[in-house]
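Novice: Spelled out, the chains give:
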Amino acid sequence: MKHLLSAGDLSREEAVQILDTAEELLSVASRPIKKLPTLRGRTVVNLFFEDSTRTRISFEAAAKRLSADVINFSAKGSSVSKGESLKDTALTLQAMGADAVIVRHHHSGAPHRLAHAQWTKGAVINAGDGTHEHPTQALLDAFTMRRHLGELEGRNVTIVGDVLHSRVARSNALLLHTLGANVTLVAPPTLLPVGVEHWPVETSYNLDTSVEKADVVMMLRVQRERMNASFFPSAREYSRRYGLDTARMNRLPDHAIVMHPGPMNRGMEITADVADHDRSVIVEQVTNGVAVRMAVLYLLLGGAAENDTDTTTEGEA
Amino acid sequence: MAASDDASRADDAPAAARTVLDDRDIARALTRITHEILERNRGSADLLLLGIPTRGVHLARRIAARMSEVEDRKLIAGALDITMYRDDLRLKPARALAHTDIPEDIDDKIVVLVDDVLFSGRTIRAALDALNDIGRPRAVQLAVLVDRGHRELPIRADFVGKNLPTSLVEKVKVRLTESDEVDAVEIRGGFA
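Protein sequence lines correspond, in order, to chains A and B.
The first sequence begins at 117 in our numbering and counts up by one.
The second sequence begins at 13 in our numbering and counts up by one.
Derived by calculation from the structure, the hints in this document are not laboratory data.
Warning: the hint list may mix true and false statements.
[To be verified] Partial selection, computed: residues in chain B whose CB lies under 7 Å from chain A:
| no. | residue |
| --- | --- |
| 1 | Met96 |
| 2 | Leu101 |
| 3 | Arg102 |
[As the list claims (entries may be wrong)] Here are the simulated EDC-like cross-link-like pairs (lysine to aspartate or glutamate), alpha carbons at most 16 Å apart as the crow flies:
| no. | chain 1 | residue 1 | chain 2 | residue 2 |
| --- | --- | --- | --- | --- |
| 4 | A | Lys180 | A | Asp215 |
| 5 | B | Lys174 | B | Glu48 |
| 6 | A | Lys150 | B | Asp145 |
| 7 | A | Lys151 | A | Glu176 |
| 8 | A | Lys151 | B | Asp145 |
| 9 | B | Lys174 | B | Asp37 |
| 10 | A | Lys192 | A | Glu166 |
| 11 | B | Lys174 | B | Glu198 |
| 12 | A | Lys151 | B | Asp141 |
| 13 | B | Lys121 | B | Glu198 |
| 14 | A | Lys151 | A | Asp185 |
| 15 | A | Lys150 | B | Asp141 |
[Unchecked claim] Per label pair, the in silico range of CB-to-CB distance:
| no. | chain 1 | residue 1 | chain 2 | residue 2 | range |
| --- | --- | --- | --- | --- | --- |
| 16 | B | Leu50 | A | Lys329 | 54 to 64 Å |
| 17 | A | Lys118 | B | Glu193 | 30 to 40 Å |
| 18 | A | Thr169 | B | Asp145 | 20 to 30 Å |
| 19 | A | Ser143 | B | Leu180 | 34 to 44 Å |
| 20 | A | Val399 | B | Pro177 | 55 to 65 Å |
| 21 | B | Pro115 | A | Arg263 | 19 to 29 Å |
| 22 | B | Thr31 | A | Arg170 | 48 to 58 Å |
| 23 | A | Arg263 | B | Arg40 | 41 to 51 Å |
| 24 | B | Asp145 | A | Thr306 | 45 to 55 Å |
| 25 | A | Ile187 | B | Glu190 | 41 to 51 Å |
Since we're looking at a predicted model, the values are computed, not measured.
Heads up, the beta-carbon is just placed ideally off N, CA and C, and yes, glycines get one too.
Looking at chain B on its own, in the form it has when it is part of the complex:
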């Protein structure tokens, strides 16, 4: 989330964008993540998918749709806005809040957080704090479409669509049809 935010702000810089994942790559990665989640947790009982706005929510819904097909029952993904828990709130003017939607009680559930890009890990730290105020899950797991490295906190993902080694000057942008016109993961900037 944080990473794609930065990328959208840097869009006006005339840097060439490289597409590293196209729509079919993203679809395959999400299908694989869906199966990995089900395999690790031996089915979808007690599972609750929570996306982190904006694009994490789209991804969580897509995974939930795939999971519903595999498991033959309707699974609904929720949304967890972490704005009020960010550690960098005072660096920028107050941000608009996104919608939080917790479809069912999270106590004793296995919560799978879903985000588009894992970067510093600070978003996930905030998400863990937010979860803590809502209830006490049995376990929390993390699924991301892209892990671009450069962690600033001891946080790792359980399910990764693509490991993408990047330099700090590069921007990773995930684009999804729900918000943008295409499905693609792009890298901008840098001359690596």
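If we strip away everything but chain A, and leave its shape as in the complex, we get:
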């Protein structure tokens, strides 16, 4: 494993290794000195072309807890606003000696391009690309589920809402399938992507029938910034049919947990009562995110550099 571009690239063995490593690293957060010397002298660049609070801070905290040096780059206030291309930005970062580039980009496939075009020698970690993937989010979700439910084999995970625009849903569907869970996507027909029938999931238009057998309900944010057409008649109707309120939550099995990748639209896809309920693990997801990202950084950067001949030759320079 040289890069982390897609949750679908991970074998079950690799995914479990990341989750097991994160399990050990979680305890670092409760120590008096929340730091390990492992990545001392390594440089990690946060390359964010899109707004983000928790993912960027989470990666920054993870890298710093491993003693790496972190350079934050956001498109706003940088030469990108003067028209610099991804390639030139990447070459600049390479010249500064970045060992890992954590990239979030509004275009799907940008991290893949960065990893395979030999613009940078470092490891590339996808922190969300367009409507494509967000693999570390899927890993932290799986990690959170595993801590509450044990092994995920045969568990039922229901992912509800704006699947069409959600990189979280795609990464989760791929990873959870690898880990042996059964994924059901629930969304209005207009918010399911083309080709969803080829995903390793079931789909449904009816939330009420899916909640009763769910071990996990994951609510997705309605992404208003990506809504360039009328996907549903009104926010109120969406909320009635696909929102999670107390009545629906009470129909979940007793052990089931409620998740949300954040940021939440309270009152839209999830009511405030549910978001703040004991069964909601939303705040815990954020804590676990740091441990999972530490695990990813350690496994990509902590050991000897792999011979990268076979992984980089497929990219055209």
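Please arrange chain B on chain A, whose structure you already have, making use of the hints.
Specialist: Below, chain B alone, put in the same frame as chain A:
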């Protein structure tokens, strides 16, 4: 730990293994180490045993069990994984982490580190760094089942099961029933 790792990787080499300690030798050595630790520290008050994974943890648990009998109170051994503190991380692909379990606060305790083989001393150097990030013990002592020499750092053991003069081409392998099928200390390779 490092030494036994190397040995397990060299297992495919068809070298004759010599058993230098059998199960009864190991049991006697651990009983003696238990008493030495208690004698040196005048009892088990403020003592905390921490094993270094994998086999150091098994040994620490065995010593804790013996100590509980002698002292007539329950003593629990912990585990201290040192992977993230190793100085040779960049020589090999990223390693899996072992479990760290610190049963109680180490501040002002006498921590006894337990490992199977003392060789270069680099594992212990890493363990001291790891302890430093967890707290400030009153003292740190080291107990090992086998000291095979060839130190690369100024580190020594306080309690030794067996001093085993070896040549650098030889591999020392500690096998314990918790991980392996038998209790034995073996030397492989070399023609000494």
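Novice: Taking the hints in turn, state whether each one holds.
Specialist: Taking the hints in turn, this is what the structure says about them:
1. Met96: 4 Å, holds
2. Leu101: This hint holds: leucine 101 of chain B lies near chain A, its Cβ roughly 6 Å from the closest one there, short of 7 Å.
3. Arg102: Holds, about 5 Å.
4. A/Lys180 / A/Asp215: 14 Å, holds
5. B/Lys174 / B/Glu48: 14 Å, holds
6. A/Lys150 / B/Asp145: Satisfied, since the Cα-Cα distance of roughly 8 Å is no more than 16 Å.
7. A/Lys151 / A/Glu176: 13 Å, holds
8. A/Lys151 / B/Asp145: 8 Å, holds
9. B/Lys174 / B/Asp37: 9 Å, holds
10. A/Lys192 / A/Glu166: Answer holds: lysine 192 of chain A to glutamate 166 of chain A is near 9 Å, not above 16 Å.
11. B/Lys174 / B/Glu198: 12 Å, holds
12. A/Lys151 / B/Asp141: Holds, at roughly 12 Å.
13. B/Lys121 / B/Glu198: 34 Å, violated
14. A/Lys151 / A/Asp185: Given pair lysine 151 of chain A, aspartate 185 of chain A holds - Cα atoms ~13 Å apart, limit 16 Å.
15. A/Lys150 / B/Asp141: Cα-Cα ~14 Å, so holds.
16. B/Leu50 / A/Lys329: 54 to 64 Å: This hint holds: roughly 57 Å between Cβ atoms.
17. A/Lys118 / B/Glu193: 30 to 40 Å: Holds: the Cβ-Cβ distance is about 38 Å, inside 30 to 40 Å.
18. A/Thr169 / B/Asp145: 20 to 30 Å: 29 Å, holds
19. A/Ser143 / B/Leu180: 34 to 44 Å: 37 Å, holds
20. A/Val399 / B/Pro177: 55 to 65 Å: Cβ of valine 399 of chain A to Cβ of proline 177 of chain B: about 57 Å, so the range 55 to 65 Å holds.
21. B/Pro115 / A/Arg263: 19 to 29 Å: 21 Å, holds
22. B/Thr31 / A/Arg170: 48 to 58 Å: Holds: the Cβ-Cβ distance is about 56 Å, inside 48 to 58 Å.
23. A/Arg263 / B/Arg40: 41 to 51 Å: At 43 Å between Cβs, range holds.
24. B/Asp145 / A/Thr306: 45 to 55 Å: 52 Å, holds
25. A/Ile187 / B/Glu190: 41 to 51 Å: 45 Å, holds
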